[in-house]
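Novice: Residue strings, one per chain:
Protein chains: 2
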Amino acid sequence: MAASYLADNQQRFLDELLDWLRIPSVSADPKFQGDVRRAADFLKARLEEAGVNNVALCETAGNPIVYGDYLTDPALPTVLVYGHYDVQPADPYELWQSPPFEPVIKDGKIYARGACDDKGQAYMHVKAFEMMMRDGQGGVPCNIKFMIEGEEEIGSNNLALFVQANKEKLQADVILLSDTGIIANDVPSIEVGLRGLSYHEVEVTGPNRDLHSGLYGGAVQNPINALCAMIASLHDENGHITIPAFYANVEELTPAARAELAKAPFNEAEFEASIGLPVAYGEAGYSTPERTSIRPTLDVNGIWGGYTGEGAKTVIASKAFAKISMRLVPNQTSDEITALFQEHFTRIAPAGVTVQVRPHHGGEPVVTPTDSAAYRAAAAAMETTFGKAPVPTRGGGSIPIVAMFKSELGIDSVLLGFGLDSDAIHSPNEHFGVFNFLKGIETIPHFYRNYAAAETR
Amino acid sequence: MAASYLADNQQRFLDELLDWLRIPSVSADPKFQGDVRRAADFLKARLEEAGVNNVALCETAGNPIVYGDYLTDPALPTVLVYGHYDVQPADPYELWQSPPFEPVIKDGKIYARGACDDKGQAYMHVKAFEMMMRDGQGGVPCNIKFMIEGEEEIGSNNLALFVQANKEKLQADVILLSDTGIIANDVPSIEVGLRGLSYHEVEVTGPNRDLHSGLYGGAVQNPINALCAMIASLHDENGHITIPAFYANVEELTPAARAELAKAPFNEAEFEASIGLPVAYGEAGYSTPERTSIRPTLDVNGIWGGYTGEGAKTVIASKAFAKISMRLVPNQTSDEITALFQEHFTRIAPAGVTVQVRPHHGGEPVVTPTDSAAYRAAAAAMETTFGKAPVPTRGGGSIPIVAMFKSELGIDSVLLGFGLDSDAIHSPNEHFGVFNFLKGIETIPHFYRNYAAAETR
Numbered sequence: 001m002a003a004s005y006l007a008d009n010q011q012r013f014l015d016e017l018l019d020w021l022r023i024p025s026v027s028a029d030p031k032f033q034g035d036v037r038r039a040a041d042f043l044k045a046r047l048e049e050a051g052v053n054n055v056a057l058c059e060t061a062g063n064p065i066v067y068g069d070y071l072t073d074p075a076l077p078t079v080l081v082y083g084h085y086d087v088q089p090a091d092p093y094e095l096w097q098s099p100p101f102e103p104v105i106k107d108g109k110i111y112a113r114g115a116c117d118d119k120g121q122a123y124m125h126v127k128a129f130e131m132m133m134r135d136g137q138g139g140v141p142c143n144i145k146f147m148i149e150g151e152e153e154i155g156s157n158n159l160a161l162f163v164q165a166n167k168e169k170l171q172a173d174v175i176l177l178s179d180t181g182i183i184a185n186d187v188p189s190i191e192v193g194l195r196g197l198s199y200h201e202v203e204v205t206g207p208n209r210d211l212h213s214g215l216y217g218g219a220v221q222n223p224i225n226a227l228c229a230m231i232a233s234l235h236d237e238n239g240h241i242t243i244p245a246f247y248a249n250v251e252e253l254t255p256a257a258r259a260e261l262a263k264a265p266f267n268e269a270e271f272e273a274s275i276g277l278p279v280a281y282g283e284a285g286y287s288t289p290e291r292t293s294i295r296p297t298l299d300v301n302g303i304w305g306g307y308t309g310e311g312a313k314t315v316i317a318s319k320a321f322a323k324i325s326m327r328l329v330p331n332q333t334s335d336e337i338t339a340l341f342q343e344h345f346t347r348i349a350p351a352g353v354t355v356q357v358r359p360h361h362g363g364e365p366v367v368t369p370t371d372s373a374a375y376r377a378a379a380a381a382m383e384t385t386f387g388k389a390p391v392p393t394r395g396g397g398s399i400p401i402v403a404m405f406k407s408e409l410g411i412d413s414v415l416l417g418f419g420l421d422s423d424a425i426h427s428p429n430e431h432f433g434v435f436n437f438l439k440g441i442e443t444i445p446h447f448y449r450n451y452a453a454a455e456t457r
Numbered sequence: 001m002a003a004s005y006l007a008d009n010q011q012r013f014l015d016e017l018l019d020w021l022r023i024p025s026v027s028a029d030p031k032f033q034g035d036v037r038r039a040a041d042f043l044k045a046r047l048e049e050a051g052v053n054n055v056a057l058c059e060t061a062g063n064p065i066v067y068g069d070y071l072t073d074p075a076l077p078t079v080l081v082y083g084h085y086d087v088q089p090a091d092p093y094e095l096w097q098s099p100p101f102e103p104v105i106k107d108g109k110i111y112a113r114g115a116c117d118d119k120g121q122a123y124m125h126v127k128a129f130e131m132m133m134r135d136g137q138g139g140v141p142c143n144i145k146f147m148i149e150g151e152e153e154i155g156s157n158n159l160a161l162f163v164q165a166n167k168e169k170l171q172a173d174v175i176l177l178s179d180t181g182i183i184a185n186d187v188p189s190i191e192v193g194l195r196g197l198s199y200h201e202v203e204v205t206g207p208n209r210d211l212h213s214g215l216y217g218g219a220v221q222n223p224i225n226a227l228c229a230m231i232a233s234l235h236d237e238n239g240h241i242t243i244p245a246f247y248a249n250v251e252e253l254t255p256a257a258r259a260e261l262a263k264a265p266f267n268e269a270e271f272e273a274s275i276g277l278p279v280a281y282g283e284a285g286y287s288t289p290e291r292t293s294i295r296p297t298l299d300v301n302g303i304w305g306g307y308t309g310e311g312a313k314t315v316i317a318s319k320a321f322a323k324i325s326m327r328l329v330p331n332q333t334s335d336e337i338t339a340l341f342q343e344h345f346t347r348i349a350p351a352g353v354t355v356q357v358r359p360h361h362g363g364e365p366v367v368t369p370t371d372s373a374a375y376r377a378a379a380a381a382m383e384t385t386f387g388k389a390p391v392p393t394r395g396g397g398s399i400p401i402v403a404m405f406k407s408e409l410g411i412d413s414v415l416l417g418f419g420l421d422s423d424a425i426h427s428p429n430e431h432f433g434v435f436n437f438l439k440g441i442e443t444i445p446h447f448y449r450n451y452a453a454a455e456t457r
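Residue numbers (UniProt numbering), protein chains in the order written: chain A, 1 to 457; chain B, 1 to 457.
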């Protein structure tokens, strides 16, 4: 019956998702502010149609949080479902094979900004709820609260305030979210670790105006050259980060723990082929999966300065800029690393330039429990729908709100994600498999049933 | 009479120049192509009004060259006047206090893109010619050929072809151009050396698409980080350029020659204050004036890659780019240094990225004679109008066509420029002093008279 409800309705589910993806809900860019709100209104209407109660746009200083609930019986466990309806900026637009906000389904994949991260994954929860309400399989077996925000891609600052102000309303036994992935469509997995984030914009200022490189070249510190030298100095020849005390609190895994993680299937040649590179690269002494999970990293996410137009302009720029972020691992904190970076990056400025470091949002690294009833319910649900038990993995991304939920609400999360690393989230041509979207809708009700069976008082 | 003609007409001269500056003749950007041609048409009309004969737009594969002449007597010496009517791009527009193509006169200075480089200085020659024709001081005492091009800011490639194809038409005894400056309004000077140029755009490619820095960070070579490391390695801790053999052919001046150059007035504190920097910077072992004249340099003129919009995007870019140029000194050649740079920059690419180096135009360094009749005529003209003999200086900029004229036509140049280093050419708020514009118009006829007196057969 569930399979038949899903089969009977899957085209409508996809059509609805595509309608949502047409709304360019880019939170980082103020010019999309109206679209962000339209995306929230769209979600509110779909939750109401599915049968969720008390659906409301909860206003914040920024984008609204869409909240709704379905509270049937105090004896049943309560699950707080988190997701986000905002998306990353879509540029560079010219690299998209189809426009980012004109979704198309091609070769079994939905192509659009937000197809996977996170509209597609959040929408699985809406449709799984609808299915439980209507498919005659026993209804909704848990109390459910939905909290879908619109500022995940810009740091969730207003969500944190909302959570602090609504601790009672948000009380739950577990938080369920789908903003992560599986190893492959035939290798289900559940992420149990996430990296934290410390993100900065740096501004290097040299002369008080752009200068002619002929008249002044050789006699002034060029801010772009200076910025490059500063960035280059942040790694040593072994790929270690040189910021003093950067590794001081890094959790060092035991050989046994590293061996356990190494059991997850990984093919180095396939990894290299998938990104078109002949060699993997990274910190000496660690494998590729370790480099993207249990080790902290530092990457420049953007750089700009001087003349970047067509042709040649012989200028020494007054200023150069970069966006630099670090991924953090357990026992590092965002505040600690942000302070270390600011202090270090300011200190290494060479004579002739000054430096400003402006931190953006940060996020804490997190490890979620694998010995909880909720984790077991999720693993069993996946085993049912994939025919194979999921592998626990440590992910490289950051979902700062997972640590925030733990510290503010005292609630652990289960990261029941269905994306793939190859989905190109945050990149041109982001996509989400139709298989993955439907598999998510199929799996989520099993989680609720398993969890209710284990936890009902 | 000359002074009175200049005084009587100076407002009109300025108005005409301002009209010309309103035409955004940016040669580097194809979208201004129509404006570039309008600027050529404007110049043609003004030359004809002044009494120049045979004025024509000589078509090239790019922008036309405006040619005209006034050939009065084979016994008189012939002067080929060179200038350019194209201008540098004006961005970043937001740093201009008044729009770059809406010229204003403020505090005795004409503010506009091209005010000094080179429309303002080229226009001095048009008005000096008009004045000689009309002021009753004996007429035009030399044969004069005007050749004003529209591609100086993008490398003068078509001018070189034009010169090769028109060697007979362009024969002259000396080339006169005003695309340089004086030390100060009370310290006249004539540039006798110019640096050459080797200019490149580099492209560093890593993964085959932009990647999520959480999922991939730590396991791929980040092209921006790699580019920064490559750029940082191009200088050592003493400010020397590390490209092998880069200095092999550099002309090393004798202590006596350095002492002679050191006689030009220079105030380090004023230099630092003018650019808002607490310390001068540069190659160890050389003074600031030496660093900008007799020493070769390497500067990044622009850099870009990854996310440069508002807010935070956690991306590892597929590609990073920079524009890198070197200023060359006598005995270096543009071809030699271009080859050395390409070879070196490609070789230092770290594992995990590939590099493309695309050379733009280059230019040869040049030293012009100070013992010629033309140089003496120019120096005497300045002494008459400034009341003080000019100092010979070595400039840091590049006017590649000066070397090209010498090699193709066998003709030396005199660099009779009236700009100031502080004119912000190639920068926002470019300007040209009204004093300098009028002083140029006043001085140029003296040059012709002095030169004719010395060289008439």
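Because the hints were derived from the structure by calculation, they are not lab data.
Bear in mind that the values here come from a model prediction, so they are computed numbers and not experimental data.
Treat the hints with care, as some may be off.
Note: identical chains are not told apart, hence a pair may lie in one copy or across any two.
With a straight-line cut-off of 25 Å between C-alpha atoms, the simulated DMTMM-like cross-links for lysine to aspartate or glutamate are [said to hold, decoys possible]: (1) K319 <-> D29; (2) K319 <-> E201; (3) K263 <-> E48; (4) K319 <-> E283; (5) K31 <-> E102; (6) K319 <-> D91; (7) K106 <-> D73; (8) K388 <-> E237; (9) K319 <-> E203; (10) K406 <-> E48.
Novice: Evaluate each hint against the coordinates.
Specialist: Hint check results:
{"no.": "1", "hint": "K319 <-> D29", "result": "both (23 Å within a copy, 23 Å between copies)"}
{"no.": "2", "hint": "K319 <-> E201", "result": "both (13 Å within a copy, 19 Å between copies)"}
{"no.": "3", "hint": "K263 <-> E48", "result": "neither (43 Å within a copy, 84 Å between copies)"}
{"no.": "4", "hint": "K319 <-> E283", "result": "between (31 Å within a copy, 21 Å between copies)"}
{"no.": "5", "hint": "K31 <-> E102", "result": "within (18 Å within a copy, 29 Å between copies)"}
{"no.": "6", "hint": "K319 <-> D91", "result": "both (23 Å within a copy, 14 Å between copies)"}
{"no.": "7", "hint": "K106 <-> D73", "result": "neither (43 Å within a copy, 78 Å between copies)"}
{"no.": "8", "hint": "K388 <-> E237", "result": "neither (42 Å within a copy, 58 Å between copies)"}
{"no.": "9", "hint": "K319 <-> E203", "result": "both (7 Å within a copy, 21 Å between copies)"}
{"no.": "10", "hint": "K406 <-> E48", "result": "neither (29 Å within a copy, 81 Å between copies)"}
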